[in-house]
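Novice: Letter by letter, the chains look like this.
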Amino acid sequence: MHKTVEEIRKSQGKLLVKNVKYSWDNIPYYKQKMKEAGVKPEDIKGLEDISKIPFLSKADLRHHYPYGLIATPLDKVVRFHSSSGTTGVPTVVPYTKKDIENWAELNKRCLETVGATNKDIVQVSYGYGLFTGGLGLHYGAERLGAAVIPTSSGNTMKQIKILKDMKTTTLACTPSYALMLSELMKANDVKIETLSLKRGVFGAESWSENMRKRIEKGLGLEAFDIYGLTELCGPGVGIECSEHNGLHTWSDHFIVETIDSEGNKTDFDGEGKGELVFTTLQREAMPVLRYRTKDLSSVTWEECACGLPHPRIGRITGRSDDMLIVRGVNVFPSQIEEVLMELKGVGDHYQIIVDRDILDCLMVKVEVTNEIFSDSISELITLENEIKKRLFEMLSLSVEVELVEPGQIPRPEGKAKRVVDLRKDM
Amino acid sequence: MVEQISVFIDNRPGRLAELCNIIGRNGVDIRALQLVEAGEFGLVRMITDNNEKAMALLKNAGMSFRKGEVLGVLMEDKPGSLGLIASILSDASINIEYAYAFITKIEKKAILILKVNDLEKAIKVLKLKGVSILENI
Ligand SMILES: [Zn+2]
Numbered sequence: 001m002h003k004t005v006e007e008i009r010k011s012q013g014k015l016l017v018k019n020v021k022y023s024w025d026n027i028p029y030y031k032q033k034m035k036e037a038g039v040k041p042e043d044i045k046g047l048e049d050i051s052k053i054p055f056l057s058k059a060d061l062r063h064h065y066p067y068g069l070i071a072t073p074l075d076k077v078v079r080f081h082s083s084s085g086t087t088g089v090p091t092v093v094p095y096t097k098k099d100i101e102n103w104a105e106l107n108k109r110c111l112e113t114v115g116a117t118n119k120d121i122v123q124v125s126y127g128y129g130l131f132t133g134g135l136g137l138h139y140g141a142e143r144l145g146a147a148v149i150p151t152s153s154g155n156t157m158k159q160i161k162i163l164k165d166m167k168t169t170t171l172a173c174t175p176s177y178a179l180m181l182s183e184l185m186k187a188n189d190v191k192i193e194t195l196s197l198k199r200g201v202f203g204a205e206s207w208s209e210n211m212r213k214r215i216e217k218g219l220g221l222e223a224f225d226i227y228g229l230t231e232l233c234g235p236g237v238g239i240e241c242s243e244h245n246g247l248h249t250w251s252d253h254f255i256v257e258t259i260d261s262e263g264n265k266t267d268f269d270g271e272g273k274g275e276l277v278f279t280t281l282q283r284e285a286m287p288v289l290r291y292r293t294k295d296l297s298s299v300t301w302e303e304c305a306c307g308l309p310h311p312r313i314g315r316i317t318g319r320s321d322d323m324l325i326v327r328g329v330n331v332f333p334s335q336i337e338e339v340l341m342e343l344k345g346v347g348d349h350y351q352i353i354v355d356r357d358i359l360d361c362l363m364v365k366v367e368v369t370n371e372i373f374s375d376s377i378s379e380l381i382t383l384e385n386e387i388k389k390r391l392f393e394m395l396s397l398s399v400e401v402e403l404v405e406p407g408q409i410p411r412p413e414g415k416a417k418r419v420v421d422l423r424k425d426m
Numbered sequence: 001m002v003e004q005i006s007v008f009i010d011n012r013p014g015r016l017a018e019l020c021n022i023i024g025r026n027g028v029d030i031r032a033l034q035l036v037e038a039g040e041f042g043l044v045r046m047i048t049d050n051n052e053k054a055m056a057l058l059k060n061a062g063m064s065f066r067k068g069e070v071l072g073v074l075m076e077d078k079p080g081s082l083g084l085i086a087s088i089l090s091d092a093s094i095n096i097e098y099a100y101a102f103i104t105k106i107e108k109k110a111i112l113i114l115k116v117n118d119l120e121k122a123i124k125v126l127k128l129k130g131v132s133i134l135e136n137i
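Chains A and B are the protein sequences, given in the same order.
Anchor point for the first sequence: position 152 equals 152 in our numbering, and the numbering is continuous, going up by one each time.
Anchor point for the second sequence: position 81 equals 81 in our numbering, and the numbering is continuous, going up by one each time.
Among the clues, some could well be false.
[To be verified] Simulated restraints, written as ranges between beta carbons of each label pair:
{"hint": "1", "chain 1": "B", "residue 1": "G68", "chain 2": "A", "residue 2": "H244", "range": "51 to 57 angstroms"}
{"hint": "2", "chain 1": "A", "residue 1": "L184", "chain 2": "B", "residue 2": "G68", "range": "45 to 51 angstroms"}
{"hint": "3", "chain 1": "A", "residue 1": "A187", "chain 2": "B", "residue 2": "N50", "range": "18 to 24 angstroms"}
{"hint": "4", "chain 1": "B", "residue 1": "S87", "chain 2": "A", "residue 2": "A187", "range": "44 to 50 angstroms"}
{"hint": "5", "chain 1": "B", "residue 1": "N50", "chain 2": "A", "residue 2": "G145", "range": "50 to 56 angstroms"}
{"hint": "6", "chain 1": "B", "residue 1": "K129", "chain 2": "A", "residue 2": "L422", "range": "38 to 44 angstroms"}
{"hint": "7", "chain 1": "B", "residue 1": "E37", "chain 2": "A", "residue 2": "F268", "range": "54 to 60 angstroms"}
Derived from the structure by calculation, the hints contain no laboratory data.
Quantities reported herein were computed from a predicted structural model and do not represent experimental measurements.
Beta carbons are placed, not taken as given, at the ideal position from N, Cα and C, and that holds for glycine.
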């Protein structure tokens with residue numbers, strides 16, 4: 001018998017009460033924040049009280065770099081990971097032995113959800129190291145009993161050879177890297193029939209449905225979105241099931257909420273759309289309470305056809321801090337990707353550049369692949385205009401489009417640098 | 001009919017020279033070349049003495065290119081030759097999409113490269129008028 005939503009939420013409430021008390025007792029900064037908000041642990045009696053707890057932001061974590069928010073003595077910590085500090089100070093995340101085990105369990109569940117078993121061969125092409133992607137999937141796949149090939153990212157030709165020779169069935173990497181693998185396979189006439197891939201688990205970046213189609217076609221597999229954040233543990237927080245209609249987040253480990261731009265709760269009783277906010281329920285070394293992810297998505301508790309009782313988040317549609325404001329118009333890079341991916345041969349490699357002349361100007365560079373290359377200048381200009389037209393329809397903003405040679409846009413091996421905002425340098 | 005390779009390039013200083021180097025440095029001779037610009041990008045059309053090798057070099061350099069067939073015509077290197085060929089084609093209602101010419105080692109002869117909308121027919125009418133069509137260059 002599956003638990004009802006009510007039962008699940010009740011047990012989440014119990015874990016929350018425990019976790020709030022634990023955080024109050026062990027993390028001075030959390031205690032201070034709650035005091036400032038006028039909340040004591042005893043005020044939190046269940047899930048319904050969660051909105052009384054103040055939010056935690058990335059800035060809070062950064063200000064306590066590196067050891068300021070650890071709830072346990074350092075001798076209980078067995079591992080650190082760190083998020084890529086694109087803005088300077090990184091966020092350090094500690095794990096106890098138990099945290100590592102739980103994390104492995106979550107990734108094991110994710111792999112099970114996408115149909116992997118101990119018979120599978122899992123190639124982990126996420127980077128290994130401070131970045132959580134590689135080791136997260138690695139431990140999960142091992143816990144599942146699958147055979148892990150820890151290739152890490154990079155050395156793509158060798159990776160293709162391994163995919164082929166070792167008959168990898170399950171690939172884990174970023175979606176950009178998956179696309180790069182498929183592109184290189186094509187360029188080197190490696191047929192997908194020579195591979196044994198069944199599925200791919202792709203995350204650490206937001207990616208569009210069109211990109212999914214391309215990866216699936218290019219690698220001959222079923223692509224699943226996996227969600228995670230270093231601050232919460234890394235990958236394994238949420239996973240798509242075979243319904244491909246949202247990502248289940250493990251309700252015994254996380255409470256997921258959505259909030260609007262003013263910080264008002266919109267999940268459960270509300271519309272369910274907004275910025276994702278997570279609370280961990282079982283972490284020892286660094287529990288987080290109401291962590292604002294800046295990821296824009298939605299939450300639903302509606303029953304899923306796959307039978308998993310865990311609530312689903314929608315695919316990430318953008319990040320609130322990714323949003324570009326160009327001439328007063330909100331632009332999400334994901335919207336641009338959506339447009340590009342609709343055009344055959346366009347969009348695997350593109351870059352969005354925002355600059356300011358007198359007004360802001362938005363430019364999209366698109367690499368001309370062999371597929372779209374034409375010997376006729378007028379056809380190329382038509383293509384350029386078609387992209388402009390479609391971007392205008394999507395954004396209500398005129399966009400400069402520049403066709404460039406293949407290889408002019410950096411090939412990401414980790415996270416893609418799709419957006420260059422030159423206005424910030426001014 | 002002559003094989004031609006068209007290459008997409010960024011229209012920036014030095015890029016054409018780089019392209020020629022990619023091919024030339026590896027022992028392939030570019031016999032004829034035309035650059036067409038359109039703002040930020042350009043197209044280079046070329047005829048080489050070893051198209052297979054040229055394409056392998058381009059592929060290796062990661063460039064976008066395409067092989068196509070064009071018409072190669074040997075004509076007198078003197079005023080009016082081009083006009084004569086153009087009028088033969090227009091009389092037969094054949095459109096010239098683009099053309100470029102270059103002089104050859106053969107004295108007083110030039111080679112004209114033509115992209116037409118009906119290759120077969122163009123060859124037929126030009127041959128009828130005694131124009132020599134090149135199989136290769
Ligand atoms: Zn499901």
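Novice: Look at the Cβ atoms of B/N50 and A/G145 and judge whether their distance stays inside 50 to 56 angstroms.
Specialist: holds, 55 angstroms
Novice: Starting from the hint 51 to 57 angstroms, judge whether the C-beta atoms of B/G68 and A/H244 obey it.
Specialist: violated, 41 angstroms
Novice: When you take the CB atoms of B/E37 and A/F268, is the distance between them in 54 to 60 angstroms?
Specialist: holds, 59 angstroms
Novice: Falls inside 18 to 24 angstroms, the C-beta gap from A/A187 to B/N50?
Specialist: holds, 21 angstroms
Novice: Has the hinted range 38 to 44 angstroms been met by the Cβ atoms of B/K129 and A/L422?
Specialist: The hint (38 to 44 angstroms, Cβ to Cβ) is violated, given that B/K129 and A/L422 are roughly 58 angstroms apart.
Novice: So does A/L184 sit 45 to 51 angstroms from B/G68, Cβ to Cβ?
Specialist: violated, 26 angstroms
Novice: Is 44 to 50 angstroms respected by the C-beta to C-beta distance linking B/S87 and A/A187?
Specialist: Once the Cβ atoms are compared, 45 angstroms apart, the range 44 to 50 angstroms for A/A187 and B/S87 holds.
Going through the hint list in order, the structure does not satisfy hints 1, 2, 6.
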